[in-house]
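Starting from the given sequences, assemble the full structure and let the hints guide the process.
Number of protein chains: 4
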Amino acid sequence: MEKADFLKDPVEHIDIKSFDSTAIIEAMRNMSFTAGDIARAADIFNMMINDNECTIILCIAGSTSAAGCMQVYADMVKHNMVDVIVATGAAIVDMDFFEALGFRHYKGIHFVDDKVLRELYIDRIYDTFIDEEQLQICDNTIKKIADSLTPGCYSSRQFIGEMGKFLIENAKKSYSLVQLAYENDVPIFCPAFSDSSAGFGLVKHQSQRQDSHICIDSVKDFRELTEIKMKSPVSGLFIIGGGVPKNFAQDTVICAEIIGESTEMHKYGVQITVADVRDGGCSGSTFREARSWGKVDNVYEQMVFAEATSALPLIVSFVYHKQNWQSRSRRKWSKIFE
Amino acid sequence: MEKADFLKDPVEHIDIKSFDSTAIIEAMRNMSFTAGDIARAADIFNMMINDNECTIILCIAGSTSAAGCMQVYADMVKHNMVDVIVATGAAIVDMDFFEALGFRHYKGIHFVDDKVLRELYIDRIYDTFIDEEQLQICDNTIKKIADSLTPGCYSSRQFIGEMGKFLIENAKKSYSLVQLAYENDVPIFCPAFSDSSAGFGLVKHQSQRQDSHICIDSVKDFRELTEIKMKSPVSGLFIIGGGVPKNFAQDTVICAEIIGESTEMHKYGVQITVADVRDGGCSGSTFREARSWGKVDNVYEQMVFAEATSALPLIVSFVYHKQNWQSRSRRKWSKIFE
Amino acid sequence: MEKADFLKDPVEHIDIKSFDSTAIIEAMRNMSFTAGDIARAADIFNMMINDNECTIILCIAGSTSAAGCMQVYADMVKHNMVDVIVATGAAIVDMDFFEALGFRHYKGIHFVDDKVLRELYIDRIYDTFIDEEQLQICDNTIKKIADSLTPGCYSSRQFIGEMGKFLIENAKKSYSLVQLAYENDVPIFCPAFSDSSAGFGLVKHQSQRQDSHICIDSVKDFRELTEIKMKSPVSGLFIIGGGVPKNFAQDTVICAEIIGESTEMHKYGVQITVADVRDGGCSGSTFREARSWGKVDNVYEQMVFAEATSALPLIVSFVYHKQNWQSRSRRKWSKIFE
Amino acid sequence: MEKADFLKDPVEHIDIKSFDSTAIIEAMRNMSFTAGDIARAADIFNMMINDNECTIILCIAGSTSAAGCMQVYADMVKHNMVDVIVATGAAIVDMDFFEALGFRHYKGIHFVDDKVLRELYIDRIYDTFIDEEQLQICDNTIKKIADSLTPGCYSSRQFIGEMGKFLIENAKKSYSLVQLAYENDVPIFCPAFSDSSAGFGLVKHQSQRQDSHICIDSVKDFRELTEIKMKSPVSGLFIIGGGVPKNFAQDTVICAEIIGESTEMHKYGVQITVADVRDGGCSGSTFREARSWGKVDNVYEQMVFAEATSALPLIVSFVYHKQNWQSRSRRKWSKIFE
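Protein chains in written order, with the numbering used here: chain A, 10 to 347; chain B, 10 to 347; chain C, 10 to 347; chain D, 10 to 347.
In case anyone wonders, no lab produced these hints; they're calculated from the structure. Treat the hints with caution; some may be incorrect.
One copy or two, it doesn't matter: identical chains are merged, so the pair holds either way.
To be verified - Result set (DSS-like, lysine-lysine): computed pairs, CA atoms no more than 27 Å apart in a straight line: (1) Lys181 - Lys87; (2) Lys26 - Lys331; (3) Lys87 - Lys26; (4) Lys181 - Lys12; (5) Lys124 - Lys240; (6) Lys12 - Lys26; (7) Lys344 - Lys240; (8) Lys344 - Lys153; (9) Lys124 - Lys87; (10) Lys344 - Lys174; (11) Lys153 - Lys181.
As structure tokens, this is what we get:
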């Protein structure tokens, strides 16, 4: 088998505008178990859209972007359903920015000899394949962007803004989350930015410029995100997966309190995850648990225990077709840092 | 709080004819992870429909019927998508037959004081509520049917046939799985029939008639189901949940071999479950594992790891709207036992 | 590869007498998460032992007996820690009785080509291998026992008693659960008895003797188990896995009520399982949920969410070394059916 | 209820030296399922200890330190079983450093009214309680340390080193991971350091010193960890939970390659987690999957799917009592950055 035999079926990203899940969600609303949870999650997300004061924070962990949900997130930005993004470096750089550079993810299988994949320089995420050589081009593009910047401390938000700017000139695919977020002043934060393809490029950048390079200050990220929270009378979380992005976004409420500016708990919360509650990890922790910390209110919250590729498109298609985002004003939070 | 406060939002069963999931399934086909699995499962189920020789065995474990999927199964029988059913007693008696008698399940919550529920005689299945007093009417109806039968050994299939006959005269809701299966000669097997509301009624029946009563012979069930398998050149499994029904249906291949009549492995297999593979339990065991036993072939099989209320309606709606069941001849397997 | 290459490392069953887990359990008692749950489960099991009036019902589903816990269950019977067993047919026949006949389970791997296994007649349970030809000897032994019995309706308990009697004469390994239970008057119930190697043998038996054969009446099982419950002022459940055995044992409380003999809820409850609560399936349902049905009290109950091979030996070793079973009188419930 | 009613049973951390799990692990070695996996994981960890060239990297995500495993990690450093630590900020700051300051975690329950907890300023992690006011003292201690440092860019490793130095003077409990690691030159990295109690303190520090403050450069972390990897001819991963620490440590192999210094894959790998493989998240991804990326070899690797509090103490107690760490030379990796 050759590389091309493994990399022949590109993942096509689902377009939530191309079908209308309204009838399904309406039917699920009167069901129990996960179906009922999905419907309630859709309703709560729609309440966030309808709440004029609400800042909507989208948190992304895991590999849903590689598996076919990349355009869901892009559509959410394009169609004004999200105001701030907190994500893993992998979701933003290895997946979204990577495809913006013209590369693709491929449908594969999970029951495969990984040594063969390694020999062919194919990376696997469960049942999805990636061309490692293309990923290295992505790493190096990050390095190039870093090289072009004035040395100093940057938040990941600032750096990702530079990536958006870069794409305006250089994108092979213009409908990327990074570019759309840049164009619509939706800030993207990656609290563990180095833990990704970006990290490789940035380490290379620093290695070659020992004394004059950029660094990524995650404290600055936290300050900036907290500042947005403090300026938002109302906020809602839409969380995919969990992990660091979830914790980071939830913690802004506490952070504001610590620096002496009291703020409200996140009023709305939706999470789609397969994580388990019982190991005390952040990913599986419930909004009820977050309530004890004073992070998230429990009136309008819903956990959906499902693998996100199966539930997210239904929820977002429903809210898209409700059209309430049309009359919503853009928050343009990136502007406050200019 | 009174009983009526808890039992006010009846579960409405999703109608897979009222929406068309085709566009969603088509989009999911090019995705990875669970979305891709759902699409492939839908395709394989449709292959079963299109295979003129295929006997389709629907296996149901868990409480999806209580949670809003009851009509999905009824529609599958009505619209000729299933030829044999193997299920838990709870799915058939406590849920389907129970609603045929005019009772309902109710949307509830899982974070609740169960002692309060007990005091009000409300039973809870995760976030779904049931009126225990109505369940006891169901138990007693089973007893009445048992009392009316000639003493002797029955397979669960025979007894459930009598339940179908009873409903023709007495149903408050006619569109039940038990009645439709009876009317369309689709046999229903419950290999652990006593492990349900039926068990209560049957124990009461036997207790009152120590010397002259019916009994439920599960060996007879196994013989009958194996007989169907031996008469089916091709067969496919559509499994919800797992458990005893899954194992029972898979085992017919081996059973035929043991009694000296070789038969083919199940050619198609689809399962939707949240069960875990790692405890060696039947529910989570993969079709690959079943291949080692010679039970299920591995060319057209797909496990979908999801809570079934979220995935089943999408899959069945897709196959329903493909319309290929229209030209399919009914197997009428019940007839062979007359 | 030949068959012998796959079947070379027999599973050796853990001997909970050979190590003392007391210090570990004592340390876990002051921890949180699953460790704390394991310690509390051990304490509750020990309370059952110390409660002079308590009938202890052990429920077994899943394949822990194949994976190395077979002797744990045998030791529980030998050392008077259990009074009644409710199990899957597989646990009792395919695994315990199978090894009593001199056969073994083998350590294997789960990442393997199952077609190769099939060609070699090797069955796989996750990472455990079985010689299919030996299993067929087991099937046929069941048939032989059935052939030797007076035709009529048997409960699974009665039939398994006959298996115990058979082993006294014929066992290659005498320390089996089936034999020890027989010798100590501990009844074993398999509510879905046909769903196992026993089913194969019994179908063959019935096929060859159309007019004069035995049948297995699961209603009788339910009556008998309920009778034991009614005679037990206090009862406790020790559940591995879940499934039909769990539901069956829990339901005896309701069954007693239905036939007009009120009885107490199960006072104690311990369950070790990996099942998920969210699909409404019985395996994952909590004791809290069972409380709403009036089945299990919630003062002394503990769910342990773990794969049982990792937690069960710790719990039983602790209770064994506490030695309180020494002064406990044997319930000998089998005697009431003589 | 008052605060003291909830905070009365402090979590006592398990001492793996106080019991010897050798007999249990030896017994588990011949079992299948999770028991067998635990034994193999213990054996592989012991191989790492015995490999004179191996650098052992301990990765910690999740809340096991809060739940009673805190001393396990401290013992691993004290007794020379680990050379590098990569962890979440929460594990290091909110839990370990927090207890070093004299505070405690408390055993609680997960079925509780979280609004009541909030009113009492009690934070909940599943079934574990924390005094929020004590956590804020921890935040402020971090701020004080930050205030005392020369402004500039620090890796988290450098900052955590300062925390260790601080504890030598100020610890109320001296046997903490942070202090022991400092004393034994075991570097600790937190790639998402701000995502913790440290983040609160550092944001406060930066807010008050807009122009002259420290920042935490996660790129520097990645460079330093990669440098250690490049200097280690052989390396092994011992991973609890997954998340960012797992990915970060695995990625060092690729990072070395990117900056032009080829290095070997991690030779050994052990992970204990409850994460699911099917959502493509890092936490649940198998070592086989990592093999496709060229990160971890697959000869000596074992995933253990279990909640870590139940399995980790058995594994580490086994390796501790094998005593092979006695003759192992300390790597003292912190020294290379002096």
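A quick look at each hint next to the structure:
{"no.": "1", "hint": "Lys181 - Lys87", "verdict": "within (18 Å within a copy, 51 Å between copies)"}
{"no.": "2", "hint": "Lys26 - Lys331", "verdict": "both (11 Å within a copy, 22 Å between copies)"}
{"no.": "3", "hint": "Lys87 - Lys26", "verdict": "within (12 Å within a copy, 33 Å between copies)"}
{"no.": "4", "hint": "Lys181 - Lys12", "verdict": "within (23 Å within a copy, 55 Å between copies)"}
{"no.": "5", "hint": "Lys124 - Lys240", "verdict": "between (51 Å within a copy, 25 Å between copies)"}
{"no.": "6", "hint": "Lys12 - Lys26", "verdict": "neither (34 Å within a copy, 43 Å between copies)"}
{"no.": "7", "hint": "Lys344 - Lys240", "verdict": "within (13 Å within a copy, 45 Å between copies)"}
{"no.": "8", "hint": "Lys344 - Lys153", "verdict": "within (25 Å within a copy, 32 Å between copies)"}
{"no.": "9", "hint": "Lys124 - Lys87", "verdict": "neither (40 Å within a copy, 37 Å between copies)"}
{"no.": "10", "hint": "Lys344 - Lys174", "verdict": "within (15 Å within a copy, 41 Å between copies)"}
{"no.": "11", "hint": "Lys153 - Lys181", "verdict": "within (17 Å within a copy, 48 Å between copies)"}
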